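Asks: From just these sequences and the hints, can you work out the full model?
Chains A and B, in that order, give the protein sequences.
If you count by this note's numbering, then the first sequence holds residues 1 to 310, one letter each, in order.
If you count by this note's numbering, then the second sequence holds residues 1001 to 1406, one letter each, in order.
No lab work stands behind these hints: they were computed from the structure.
There may be inaccurate statements among the hints.
Here are the computed lysine to aspartate or glutamate pairs in the EDC-like style, where the Cα-Cα straight-line distance is at most 16 Å [stated by the list, open to error]:
hint	chain 1	residue 1	chain 2	residue 2
1	A	Lys200	A	Glu271
2	A	Lys197	A	Glu304
3	A	Lys200	B	Glu1004
4	A	Lys200	A	Glu304
5	B	Lys1020	B	Asp1402
6	A	Lys197	A	Asp258
7	A	Lys197	B	Asp1026
8	B	Lys1020	A	Glu271
9	A	Lys25	B	Asp1378
10	A	Lys25	B	Asp1379
Quick look at which bits of chain A chain B covers, simulated, 3 or more residues with Cβ under 8 Å [claimed, not checked]:
hint	stretch
11	93-100
12	186-193
13	218-226
14	257-270
15	289-298
Model, not experiment: these values are computed from the prediction.
Using N, Cα and C, we set each Cβ at its ideal position, and we do this for glycine too.
Letter by letter, the chains look like this.
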Amino acid sequence: MAYWSYPSGAVSGTYPNQVLTYNYKNGTWALLDDSITFFGYFQQQSDITWQQLTLQWQQENATWAYPNLDDQNLLILAGNQEGYVLKVAQDVSRNAGALQITNMALVAGIPTLTIINHNLQAEDIATNMTGYIMIENIPATDPNVALNGTIWPIIAVVDANNIQLGIPIAGTYAGGGTVARVNNILMNSKQWNLYAKSGKNFSVNRMEFNVDATAAGQLTVDYFPSFTNTSLIQATNLGNNILDTAPYPIYPLEAEQDQLWHPVYFSAVGETVQISIYMNDTQMRNPNISQTDIQINGILLYVEPLGRLQ
Amino acid sequence: MPLERFLIGPPNSGLQQNLKPFLIMDDAWAQLANMYSWRGRMRKRFGTIYSSQGSLIADPLASRVKIQIGTYAVQTNPPGPAINPVPGTVFAVGQLFSVGADIFTVYQTGTPATMKSSNPNASGTYNTTTGAWAITYASGAPVGTTPVYWYPSTPIMGIETYQSAAINDNPTFVWDTQFSYQYVGGQWVQLGTAVWSGTDSNFFWSTNYRGSSAANAYMFTTNNNIPDGIKYWDGMAWNNMSISTGSGTTMQTALLIVPFHNRLVFLNTTEGGVNFPTRARYSAIGNPIENAGTSYFPWYSNPNAANWIGGGFEDNIQTQQPIRSLRFLRDRLIVFFGSGTESCWELVYTGNQILPFRWQQINGEQGSEATFSTIPFDDHILTFGNVGIHSCTGAQVQRIDDLIPN
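Replies: Okay, structure coming up:
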């Protein structure tokens, strides 16, 4: 993989806010939301010990031979705008808390976090379901210690150093807290119509997703008919379209499986059907879901032609 | 009619935006954020962990660059001996002090102003004009020799591996805008005492090369900021590099440094206060460290001058575009030019010791606009141009981002 960190043309921030990734093996591209000022290499000089491992099992996707655990492997480092130097970990599905909470207070009655050079953009606010942060490392002496481990949507970006959240702030903040960005995913598919050549509309009744099994993962599979952006789950009552990447309890064997075929049901007929995969607000606020690994190995569409194309 | 089944997989296509979503490949994605295609599957993006750990969560301070400014000796309060005020010239809200697990956060400006303290029995003040600080414990002061650290909290501006002589011991050096750091004992602590003065656009370009002896492992560093000059790390300390050109001026800084055919080469140089954006200035073969005491001047560029031993420069007078970036393609040095318009050139080694390098154009349209975007591969080099991502094979340059033209 090749990574380039850059300021997106849609924003005017001082620091890079996106990472363009290029898989040079298959020539594919993707965009990541992150704020990294410099990438480099790091040759770890000692093994990681059990004492240093503090992730919960469901957060750790690494094998025993994972390079980040062994000495003398060449690892990738990423530096950010606040002077943090982090290890890039391909098999960890969350971000480290690399933004310092300088202050936390009510400003005109609105809970406001001062994070110097947070580099979060107005585009990140929660209405786009991309602006979520996780609060960590508030010391035990702080009255806000209960906020540790909680995930919150950003309500507003006040300026380069302040954001507003809907958090309950108690007493006077003592310092030491950090914020980790919680990344939502967004995958908008092709506008499929497998019968366009036959002049037929396209009906999708069900899709089976082959996913890697997780402990508690979930995704939302939204869908849009006929070249529109009209969500058929947000604007209607046509199901919640939750894709579980965790085993179904009613099938005991699934608990042993590495991969799962799990269905999502649709009621879509149109000139085309496009799916959109993301995590909804409830899923984003749950660390067991939003910080779980996601791997999609294939999608099986159950389709039929229906009526003439119009 | 029974339902037909149609398998999308393995998903080997990523983001595709060159066509409308109706026309892209069946397994491509019209929008793709924080997922990518990898070995026949769509996978969540990489995560990050703190430097000190294989897997999160504790000790974020160990993952921040820091400077030790004092030590809490037994029964001393406030701590001493101390560096006070803190070094450098940037004193700002958002900076941090730590004494053991106690954290003192600069959350307001003042001369001085109170800091937030994570320990209710300790307090601190910081002067955001002078950098003077004070930390006092009412009770429960640390015992032993607890270090007092200051966190400048400025952006990371460079990360480079120092190729020291020991096998499998290549430490990584990190720079923010003012200081350099090395990972020692599970923490990023200051390396040497040098202070740079660049802004958050003065990124650090470094290269490893020999010093006065072929046995030396030196790292040469520039942030292309005239007051900071060129510095080199000799294994013990940062040294300012003296580069006399022999014409009465000295070279002050450069955008890029690279060793090439046993010479150290600076590109896009600033000499006597004047920027030479297309210049490649090279040293004599071997030792690049000037020593006026022994009349050793490896950067003298006039073959007729006394003490000339092979240094020189080569301007690319065929273009006024500035040199922007470079990488090696096997034994060839590919140099990208660009500033609105772009081009790609090779600094060709001639074998002639009087004129060892010549410029040769590879492409007159496609170069680079981002110094640190250039990535070398076995048979090509990738870089960010002003209209797309370019790949140079040494024979030609072409865009590779046809799938994501915007």
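Asks: Now tell me if each hint is right for this structure.
Replies: Hint check results:
1. Between Lys200 of chain A and Glu271 of chain A the CA atoms are separated by roughly 8 Å; this keeps the pair inside 16 Å, and the hint holds.
2. Between the alpha carbons of Lys197 of chain A and Glu304 of chain A the distance comes to roughly 13 Å, so the proposed pair stays at or under 16 Å and holds.
3. Taking the CA atoms of Lys200 of chain A and Glu1004 of chain B, the gap is about 14 Å. The hint holds against a cut of 16 Å.
4. Our distance criterion of 16 Å between C-alpha atoms is met by Lys200 of chain A and Glu304 of chain A, whose separation comes to about 9 Å.
5. Straight-line distance between C-alpha atoms of Lys1020 of chain B and Asp1402 of chain B comes to about 14 Å, which keeps the hinted pair within the 16 Å bound.
6. Restraint check for Lys197 of chain A and Asp258 of chain A: the C-alpha separation of about 38 Å exceeds 16 Å, so the hint is violated.
7. A threshold of 16 Å between alpha carbons decides the hint, and for Lys197 of chain A with Asp1026 of chain B the separation of about 15 Å falls inside it, so the pair holds.
8. Between Lys1020 of chain B and Glu271 of chain A the alpha-carbon distance is near 15 Å, which keeps this suggested pair within the 16 Å criterion.
9. In summary, the hint linking Lys25 of chain A to Asp1378 of chain B is supported, as the alpha carbons are separated by about 13 Å, within the 16 Å threshold.
10. Between Lys25 of chain A and Asp1379 of chain B the CA atoms are separated by roughly 13 Å; this keeps the pair inside 16 Å, and the hint holds.
11. With a cut-off of 8 Å between beta carbons, the stretch 93-100 of chain A has 7 residues touching chain B; three or more are needed, and the interface restraint holds.
12. Interface restraint, the stretch 186-193 of chain A with chain B: holds (8 residues with C-beta to C-beta distance below 8 Å; minimum three).
13. Given as covered by chain B, the stretch 218-226 of chain A fails the check, having 0 residues with a CB less than 8 Å from a CB of that chain where 3 are the minimum.
14. Only when three residues or more bring their CB closer than 8 Å to a CB of chain B does the claim for the stretch 257-270 of chain A stand; here the count is 0, and the claim is violated.
15. Chain B is given as covering the stretch 289-298 of chain A, and this holds because 6 residues of the stretch bring a CB closer than 8 Å to a CB of that chain, at least three being needed.
When the structure is compared with the earlier hints, violations turn up for hints 6, 13 and 14 and for no others.
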